[in-house]
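These are the residues of each chain, in order.
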Amino acid sequence: MDLHSEILLEEYDGLLPVLERMYTFVTELLEHTLDNNGIEVTSVRARIKTRQSLAGKLALKGSKYTAVTDITDLLGARIITYYTDDVDRIAAIAEQLFDIDWDNSVDKRRLHDLDSFGYNSLHYICRLPESLIKDADCPQLNTIRFELQLRSTVQHAWAAINHDIGYKTGVEIPREYLRQMNRLAGMLELADAEFSRIRMAITDYRRRVQKLVSSGRLDDLQLDGDTFSNYLLTEPFDALNKRIAAINQAEIQEVPMDAYLGVFKEFDCHTLGDVSRVFEQCEEDAYALARYQLGNTDIDIISSAVGVQNICIVHILRQGGGKIGLTRLFNAINGNNAQNELLAEMTYKQALNLPFMK
Amino acid sequence: MTTQITTNGNQMIAAFAGRLDTAAAVQTAEDVKPLLDATDKEIILDCTALDYISSSGLRIFLSIRKGAAAHNSKVIVKNINDDIRQVFVMTGFISLFEII
Numbered sequence: 001m002d003l004h005s006e007i008l009l010e011e012y013d014g015l016l017p018v019l020e021r022m023y024t025f026v027t028e029l030l031e032h033t034l035d036n037n038g039i040e041v042t043s044v045r046a047r048i049k050t051r052q053s054l055a056g057k058l059a060l061k062g063s064k065y066t067a068v069t070d071i072t073d074l075l076g077a078r079i080i081t082y083y084t085d086d087v088d089r090i091a092a093i094a095e096q097l098f099d100i101d102w103d104n105s106v107d108k109r110r111l112h113d114l115d116s117f118g119y120n121s122l123h124y125i126c127r128l129p130e131s132l133i134k135d136a137d138c139p140q141l142n143t144i145r146f147e148l149q150l151r152s153t154v155q156h157a158w159a160a161i162n163h164d165i166g167y168k169t170g171v172e173i174p175r176e177y178l179r180q181m182n183r184l185a186g187m188l189e190l191a192d193a194e195f196s197r198i199r200m201a202i203t204d205y206r207r208r209v210q211k212l213v214s215s216g217r218l219d220d221l222q223l224d225g226d227t228f229s230n231y232l233l234t235e236p237f238d239a240l241n242k243r244i245a246a247i248n249q250a251e252i253q254e255v256p257m258d259a260y261l262g263v264f265k266e267f268d269c270h271t272l273g274d275v276s277r278v279f280e281q282c283e284e285d286a287y288a289l290a291r292y293q294l295g296n297t298d299i300d301i302i303s304s305a306v307g308v309q310n311i312c313i314v315h316i317l318r319q320g321g322g323k324i325g326l327t328r329l330f331n332a333i334n335g336n337n338a339q340n341e342l343l344a345e346m347t348y349k350q351a352l353n354l355p356f357m358k
Numbered sequence: 359m360t361t362q363i364t365t366n367g368n369q370m371i372a373a374f375a376g377r378l379d380t381a382a383a384v385q386t387a388e389d390v391k392p393l394l395d396a397t398d399k400e401i402i403l404d405c406t407a408l409d410y411i412s413s414s415g416l417r418i419f420l421s422i423r424k425g426a427a428a429h430n431s432k433v434i435v436k437n438i439n440d441d442i443r444q445v446f447v448m449t450g451f452i453s454l455f456e457i458i
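Chains as they are written, first to last, in our numbering: chain F, 1 to 358; chain Y, 359 to 458.
What the hints contain is simulated information worked out from the structure, not anything from laboratory work. There could be a bad hint or two in this list.
With a cut-off of at most 20 Å between alpha-carbon atoms, the simulated DMTMM-like pairs for lysine to aspartate or glutamate come out as follows [what the hints assert, rightly or not]:
no., chain 1, residue 1, chain 2, residue 2
1, F, Lys-323, Y, Asp-440
2, Y, Lys-436, F, Glu-341
3, F, Lys-323, F, Glu-341
4, Y, Lys-432, F, Asp-258
5, F, Lys-349, Y, Asp-441
6, Y, Lys-391, Y, Asp-379
7, Y, Lys-424, Y, Asp-404
Distance ranges between label pairs, derived from CB positions [said to hold, decoys possible]:
no., chain 1, residue 1, chain 2, residue 2, range
8, Y, Glu-456, F, Pro-129, 50 to 56 Å
9, Y, Ala-407, F, Glu-194, 46 to 52 Å
10, Y, Asn-368, F, Asn-353, 29 to 35 Å
Just so we're clear, the structure is a prediction, and the values are computed from it rather than from any experiment. Even for Gly, the Cβ is constructed at its ideal location relative to N, Cα and C.
If we strip away everything but chain F, and leave its shape as in the complex, we get:
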C-alpha cells in the first residue's frame, strides 16, 4: 500500500468514533421515521465500512481520493421495502430528512436502456443537517457523507444472488447464463410492479367496502373477511350489547368477533345484508335469552361478543338446528372439544323456557 493510502487509513481510524455515532443516529432515525409514517419494511440495516474493506478499495483506486471523507460509503444504510413503490415514498422522506448530495446520488432504476434489465436500486449520498444533530465539538457529524440504499425485497434478492454467482464481473460467466440472469431481472421487475398493483387493488377494494358498509348497501357486499371486519367496525351489535349490559349494569369487555364470520357462512349468509337480516329477526329473542340467563345473577361483566353469540343461538334454534346446531356453534367459537356438547345441552335447556321455543 502506498503512503497516500496509509494516510487515508489513519484518517479513517480517527473518524471511527464519529462514524459509530452517526451509525446509531441514522439507524434509529430511519426506524423511528418509518414507524411514524406507518411504512412496514423488510429491514433497515447499516454498516460502517471495515478497515480491511477500505484498505482493499484504496489499493485499487486510492489515488482517486484526496481525503478519506471523499469516500461516500464509509457509513452505508440500506432499507429493503416490501413494495417497489415504497422506495419512492421513502426516498421522498429521505430528501426531507437529509441534505442530499445530488451530484453523487444515483437512481439505478433509471439508468437502464429500454431493452435492458438488471440492478434496480436508489442510492442517495446524504449528510446529516444541523437541524437533526449538532455538536460544536464534533462538526464532522454534519460534513461526513453516508450512503442510503433503497430497494425492494425482490430487487434485493436479485442483487444478492447476482452478486453471489459473480455476475458482477461480467467476464466469468458465459453469455448464455448472463442472458438468463437478465431475463430473470425482467421477470422480477414485472413481479415487483404486480405486487404493487395488487396491493393498490386490494386497498381500493377495502375502501369501496368501507364506503358501501357505511352507506348501508349491505346486500351489495359479499360476505368475506374484509367485508365482515368493516361491518364489525360499524358496531352492529353495540346497541344489543348495551341492552344486555343494562340488565346488571355490567361493563362490556371488548373481544374479537372474527370467529363469527364462519358461523354466518354456515347459516348460508352470502352477503352482509343476509347477516343483517339474521340480526334483525333474532335481536329481541337474543335479548330475552340474555335476560333469562343473567337476570338472577350479579354478574357485572360481559363480553362484546355476547350479543352476536345470542343472535346465533336464537337463529340456530329457530331454524330447528337443536343441540347439534348449538354444538357446531360452540365448536366454531370455542374450538372443537367434547365439552361443547355439554354447553349446547345447557343452553338448549335454558332456551326451552323462552317464548320463541314454545
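Given the coordinates of chain F, work out where chain Y should sit on it, guided by the hints.
Below, chain Y alone, put in the same frame as chain F:
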C-alpha cells in the same frame, strides 16, 4: 380459596380450589401474578376444585388471558363445573378462552 401454581415442562398450571368470589379475588390476583409474565407457555387454569366464579374472578381470568396474549402464551380453562360453564356462555367469554 387456594391457588396452587406448578410448572410442568412448557406448561404452567394454576389449580384453583374453593369459591373465587369478590372476597377471594384480591389474594387470587396476587397468587396468579407469575402467570402474567409467562412467555411462550401453555397456561392451564385447572378448575377441577373450583366451585364458583364471580365477576371479580372472571376479571382475573381475563387479566391472565391478556398477559398471555402479550407474551405469546396460550390459556386453557380445564374441568369447569356446570355453573361456571354457564357463566362463560352467558357472558360471551366462551369465545375468548379454550375451554376443555
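Quick rundown of the hints versus the structure:
For the given pair, Lys-323 of chain F sits about 16 Å from Asp-440 of chain Y by alpha-carbon distance, which is consistent with the 20 Å threshold. Pair hint Lys-436 of chain Y plus Glu-341 of chain F holds up; C-alpha atoms about 15 Å apart against a cutoff of 20 Å. Simply put, Lys-323 of chain F and Glu-341 of chain F have alpha-carbon atoms about 8 Å apart, close enough for the 20 Å limit, and the pair holds. Pair hint Lys-432 of chain Y plus Asp-258 of chain F holds up; C-alpha atoms about 18 Å apart against a cutoff of 20 Å.
With a C-alpha separation of about 14 Å, the suggested pair Lys-349 of chain F and Asp-441 of chain Y falls inside the 20 Å cut-off, and the hint holds. Note on Lys-391 of chain Y and Asp-379 of chain Y: the hinted pairing holds, with a Cα-Cα distance of about 18 Å set against a maximum of 20 Å. Pair hint Lys-424 of chain Y plus Asp-404 of chain Y holds up; C-alpha atoms about 18 Å apart against a cutoff of 20 Å. A hinted range of 50 to 56 Å holds for the C-beta pair Glu-456 of chain Y and Pro-129 of chain F, which are about 54 Å apart.
For the pair Ala-407 of chain Y and Glu-194 of chain F, the supplied restraint of 46 to 52 Å is violated, since their beta-carbon distance comes to about 59 Å. In this structure the hint that Asn-368 of chain Y and Asn-353 of chain F lie 29 to 35 Å apart at CB is violated, the actual value being about 44 Å.
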